[in-house]
Amino acid sequence: MIFALIGNQNCGKTTLFNQLTGSNQHVGNFPGVTVEKKEGRIRHTDSTVVDLPGIYSLSPYTAEEVVTRDFLLQDKPDGIINIVDATNIERNLYLTLQLMELQLPMVLALNMMDEVSASGGSIDVQRLSQDLGIPVVPISASRNQGISELVDQALRVGEQHILPARLDFCTGEVHRAIHGIAHLIEDHAQAIKMPVRFAATKLVEDDQPTIEALHLNQNELETLVHITTEMEQALGTDREAALADMRYTYIEKLTKDTVHKPQETKEQQRSVKIDNLLTHPVWAIPLFLLIMSLVFWFTFGVFGSFLSDLMSLLVDQVTTLVDAGLTAYGINPVLHSLIINGIFAGVGSVLSFLPTILILFFFLSLLEDSGYMARVAFVMDKLLRKIGLSGKSFVPMLIGFGCTVPAVMSSRTLSSERDRKMTIILTPFMSCSAKLPVYGLFTSVFFPDNAALVMIFLYILGMVVAILYGLALKSTLFRGQPIPFVMELPAYRLPSAKTIALHMWDKAKDFIHKAFTVIFVATIIIWVLQSFDTRFNVVDDSAHSMLAMLGSFIAPLFAPLGFGNWMASTALVTGLTAKEAVVSTLTVLTGAADSAGLAAALGQIFAPKAALSFLVFTLLYMPCVAAFAAIRREYGSGIKAVGIMAAQTGIAWCVAFCVYHIALMF
Amino acid sequence: MTLDHLKTGCAGIITAVGGSGALRRRLLDMGLTPKTRVMVRKVAPMGDPIEIYLRSYELTLRKEEAAKITVEPVDGKEAQG
Numbered sequence: 012m013i014f015a016l017i018g019n020q021n022c023g024k025t026t027l028f029n030q031l032t033g034s035n036q037h038v039g040n041f042p043g044v045t046v047e048k049k050e051g052r053i054r055h056t057d058s059t060v061v062d063l064p065g066i067y068s069l070s071p072y073t074a075e076e077v078v079t080r081d082f083l084l085q086d087k088p089d090g091i092i093n094i095v096d097a098t099n100i101e102r103n104l105y106l107t108l109q110l111m112e113l114q115l116p117m118v119l120a121l122n123m124m125d126e127v128s129a130s131g132g133s134i135d136v137q138r139l140s141q142d143l144g145i146p147v148v149p150i151s152a153s154r155n156q157g158i159s160e161l162v163d164q165a166l167r168v169g170e171q172h173i174l175p176a177r178l179d180f181c182t183g184e185v186h187r188a189i190h191g192i193a194h195l196i197e198d199h200a201q202a203i204k205m206p207v208r209f210a211a212t213k214l215v216e217d218d219q220p221t222i223e224a225l226h227l228n229q230n231e232l233e234t235l236v237h238i239t240t241e242m243e244q245a246l247g248t249d250r251e252a253a254l255a256d257m258r259y260t261y262i263e264k265l266t267k268d269t270v271h272k273p274q275e276t277k278e279q280q281r282s283v284k285i286d287n288l289l290t291h292p293v294w295a296i297p298l299f300l301l302i303m304s305l306v307f308w309f310t311f312g313v314f315g316s317f318l319s320d321l322m323s324l325l326v327d328q329v330t331t332l333v334d335a336g337l338t339a340y341g342i343n344p345v346l347h348s349l350i351i352n353g354i355f356a357g358v359g360s361v362l363s364f365l366p367t368i369l370i371l372f373f374f375l376s377l378l379e380d381s382g383y384m385a386r387v388a389f390v391m392d393k394l395l396r397k398i399g400l401s402g403k404s405f406v407p408m409l410i411g412f413g414c415t416v417p418a419v420m421s422s423r424t425l426s427s428e429r430d431r432k433m434t435i436i437l438t439p440f441m442s443c444s445a446k447l448p449v450y451g452l453f454t455s456v457f458f459p460d461n462a463a464l465v466m467i468f469l470y471i472l473g474m475v476v477a478i479l480y481g482l483a484l485k486s487t488l489f490r491g492q493p494i495p496f497v498m499e500l501p502a503y504r505l506p507s508a509k510t511i512a513l514h515m516w517d518k519a520k521d522f523i524h525k526a527f528t529v530i531f532v533a534t535i536i537i538w539v540l541q542s543f544d545t546r547f548n549v550v551d552d553s554a555h556s557m558l559a560m561l562g563s564f565i566a567p568l569f570a571p572l573g574f575g576n577w578m579a580s581t582a583l584v585t586g587l588t589a590k591e592a593v594v595s596t597l598t599v600l601t602g603a604a605d606s607a608g609l610a611a612a613l614g615q616i617f618a619p620k621a622a623l624s625f626l627v628f629t630l631l632y633m634p635c636v637a638a639f640a641a642i643r644r645e646y647g648s649g650i651k652a653v654g655i656m657a658a659q660t661g662i663a664w665c666v667a668f669c670v671y672h673i674a675l676m677f
Numbered sequence: 067m068t069l070d071h072l073k074t075g076c077a078g079i080i081t082a083v084g085g086s087g088a089l090r091r092r093l094l095d096m097g098l099t100p101k102t103r104v105m106v107r108k109v110a111p112m113g114d115p116i117e118i119y120l121r122s123y124e125l126t127l128r129k130e131e132a133a134k135i136t137v138e139p140v141d142g143k144e145a146q147g
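So the protein lines, in turn, are chains A and B.
Plus 11 on top of the position in the first sequence (first one is 1) and you've got this note's numbering.
Plus 66 on top of the position in the second sequence (first one is 1) and you've got this note's numbering.
Hints are computed from structural coordinates only; laboratory data are not their basis.
Check each hint, because a few of them may be wrong.
To list a few chain B residues with every Cβ distance to chain A over 12 Å, as calculated [what the hints assert, rightly or not]:
id	residue
1	Thr68
2	His71
3	Cys76
4	Leu93
5	Glu117
6	Pro139
Computed footprint of chain A on chain B; a stretch qualifies when at least three of its residues, placed anywhere within it, have a C-beta under 8 Å from a C-beta of chain A [said to hold, decoys possible]:
id	stretch
7	77-89
8	106-113
9	123-129
Here the structure is a predicted model, which means the values were calculated and not measured.
Note that CB positions come from ideal geometry on N, CA and C, so glycine has one too.
Excised from the complex, chain A in its bound form:
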């Protein structure tokens, strides 16, 4: 059986998903869109649960929310597990009432019950279950309480196909209108297998996708308008407000009977206190900058570099061991060179950055899951509006510091097409973590005393360029109104270690996978191109290789930027497979045996000012193929995506040119 896990945003859905499935997870994409589809087998069962994007209502507002609705209506899961935040039960039940109209087996998971009880509240679960006509299971996802009972109930309603026992919450005029319309459209709804009751309610709400899907004839459309107009006149309000009001009125009555809790739980009161500081009129922005600086300092400073050094030491040890082994075995020198100078050097140099990337994702996931990212959007909204975006665009951009691919994907949470497309264009300017190996290598060779300063300069430069580019876009391609900004500020909660660990594990898997697929293949190709000439004879000096020819061909383009060397231009080209490949390519090309050799070789290729210009170009030029593919998917047009890439690379060239020539003046 397949269960859909549905709930509001920030109600602990992902935590519950992790508890249900353990590490049995599979991340894919929903067909046609880049919204992540997380599936997993429920532990100790044969059933699957699908984690769907959080929604507040079945009238979707963002592209991501459309995915959830489409999944429910078209894929018809065998059951719904509706997770509800007990501390915020009124607004959460609003979605529940709509889900019940879908006429699918359903069970309600009442999450965060521990918080309610700890604050002296209680919820009459039995009465709630009776009144709603669906099983209700109190749980605490973060403490792993009530999960097995939830699974039992879900399997029971799914296997026996037990439907919600009641679905009529309306009274008076709305009731009459819904029933009139249900009668009118019954055949149409059944023809497209849409639940009649759901369709009727959506028609009362004037939901355009439903009206189109039902293929009503002129006569029926007129009757529909007649019924709703009559209802509006009788109620003295419009149809949208009437339905929302009806649902909330029912919920207010229901919670009055079943929920006894203080106005705010301890966690909510604590949140208000934290916010007194973090969204303080004066301190909010300095604190934000401080928090981000700390994150970067930990990631790229003491902590990260220590672990990276440890990792490269390990890689060096293994390489030496294998090298000795191969020599002892007397293997063919060409194959020996492929393994040691190609694969081990290339993949190894990239792998040593695994710790840094993991630490960065640890912090990003902590900031996101704790609820702080929403505050950042709140604090920064006005600033982003100046370049025509909303505070919500800040989140994808922050994720962009980790990796452009999930950042571009997370732009799906933005409700306006215009904001989404603009955010996607600007996100690659946020320096992604794959570029770190390049910065790390170059700063250690050329600017060992000012490594942190150069790094900060690069990160800030990326943002400044993005702001200027944003302003330019706003007054040219993206004129028009920014979208409204209506967003929940969830209570601060410490994410569970399990959630963060799983998140980091995902990223580690991704990275290692990338290192052994894309980068592995790239290093082999580069090794072949640089070891042979056009007649496939082994070359003594890589300067005579095929790669040198290719690199030399485009090298003149970069001469004005100070690095007309073929190795530099080749590294930039291979960097398109993945940015880490810039480092592995330089390692392979220079034929350096260890880090000292590499440092010496780089000193030959770049003057320090040219190195700076090279870093600026690396920072700004088009992202890797994976990010390109994500952007192409989001835009649904290859030509536009290529245009975006070309523009970005053009900007990179100009900025690097300026930086180089300004640097030359000193």
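Model the placement of chain B on the given structure of chain A, informed by the hints.
Just chain B, lined up with the frame of chain A:
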């Protein structure tokens, strides 16, 4: 008066929700329906958006959107909404 004019720390009862289309639907879906009590929690450091408290949760929206919501102020300073 409209919600954007409500002072920080003051509460009001919603009397009407204006606006149109998806935005209005969103406001209603988030629980901003007539007769609901809302409290203005704070204003963002740069003067916009505002943070409000309703139905035991916090919501943020811009003044521009808040101006579409009509409220009847409730007397006295509210600490808990």
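Requested in this report: Please write out, lowest number first, the hints stated earlier that are contradicted by the structure.
Outcome: 4, 5
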